[in-house]
Amino acid sequence: MWIIEFFKKALEGRGFYPTLMVILSWSYTVVVVGILLCQLFLYLLGIKYNNDTFGKETSEKKKEQ
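Counting along the sequence shown from 1, when you hit position 37 you're at 37 in my numbering, and nothing is skipped either side.
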């Protein structure tokens, strides 16, 4: 894979700790960017979650029925 070859060339001659920091920081970056993309997707579609008024509205609708 080209990613593995890229990392081999980029990390050649470095020790264990710098290599570990590169792997951890890039992994963290990928996770954070993934979360931000999910948040953007939810925002663009107008999906609301963790909304306190949603629970109140649904309980009021049940009482009306």
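If you are wondering where the hints come from, they were derived from the structure by calculation, not from laboratory data. Note that CB positions come from ideal geometry on N, CA and C, so glycine has one too. Don't take every hint at face value.
Unchecked claim - Derived CB-CB ranges, DEER-like:
| # | residue 1 | residue 2 | range |
| --- | --- | --- | --- |
| 1 | Glu12 | Leu42 | 38 to 44 Å |
| 2 | Leu44 | Thr19 | 33 to 39 Å |
| 3 | Ile4 | Cys38 | 22 to 28 Å |
| 4 | Thr29 | Glu5 | 17 to 23 Å |
| 5 | Trp2 | Gly34 | 16 to 22 Å |
| 6 | Leu44 | Arg14 | 28 to 34 Å |
| 7 | Glu5 | Leu45 | 35 to 41 Å |
| 8 | Leu44 | Leu20 | 21 to 27 Å |
| 9 | Gly13 | Gly34 | 30 to 36 Å |
| 10 | Tyr28 | Phe6 | 15 to 21 Å |
| 11 | Val22 | Tyr43 | 40 to 46 Å |
| 12 | Lys9 | Phe41 | 18 to 24 Å |
| 13 | Thr19 | Lys48 | 24 to 30 Å |
| 14 | Cys38 | Phe16 | 21 to 27 Å |
Cross-check of the supplied hints:
In this structure the supplied range 38 to 44 Å holds for Glu12 paired with Leu42, their Cβ-Cβ distance being about 41 Å. Under the hint 33 to 39 Å, the C-beta atoms of Leu44 and Thr19, about 38 Å apart, fit the expected range. Taking 22 to 28 Å as the suggested C-beta distance range, the pair Ile4 and Cys38 conforms, at roughly 27 Å. Between Thr29 and Glu5, the C-beta spacing of about 20 Å keeps the proposed range 17 to 23 Å intact.
Checked against the given bound of 16 to 22 Å, the beta carbons of Trp2 and Gly34, roughly 21 Å apart, stay inside it. The given range of 28 to 34 Å is broken by Leu44 and Arg14, whose C-beta atoms sit roughly 40 Å from each other. The supplied range of 35 to 41 Å is met by Glu5 and Leu45, whose beta-carbon atoms lie about 38 Å from each other. For the pair Leu44 and Leu20, the supplied restraint of 21 to 27 Å is violated, since their beta-carbon distance comes to about 36 Å.
Separation of Gly13 from Gly34 is about 31 Å and conforms to the stated range, judged on CB atoms against 30 to 36 Å. Tyr28 and Phe6 have their C-beta atoms about 18 Å apart, which keeps the hinted 15 to 21 Å range intact. Restraint check, Val22 to Tyr43: a C-beta distance of roughly 31 Å breaks the suggested window 40 to 46 Å. For the hinted restraint 18 to 24 Å between Lys9 and Phe41, the CB-CB distance of approximately 34 Å leaves it violated.
The supplied range of 24 to 30 Å is broken by Thr19 and Lys48, whose beta-carbon atoms lie about 43 Å from each other. Between Cys38 and Phe16 the beta carbons are some 33 Å apart, a value that contradicts the proposed interval 21 to 27 Å.
When the structure is compared with the earlier hints, violations turn up for hints 6, 8, 11, 12, 13, 14 and for no others.
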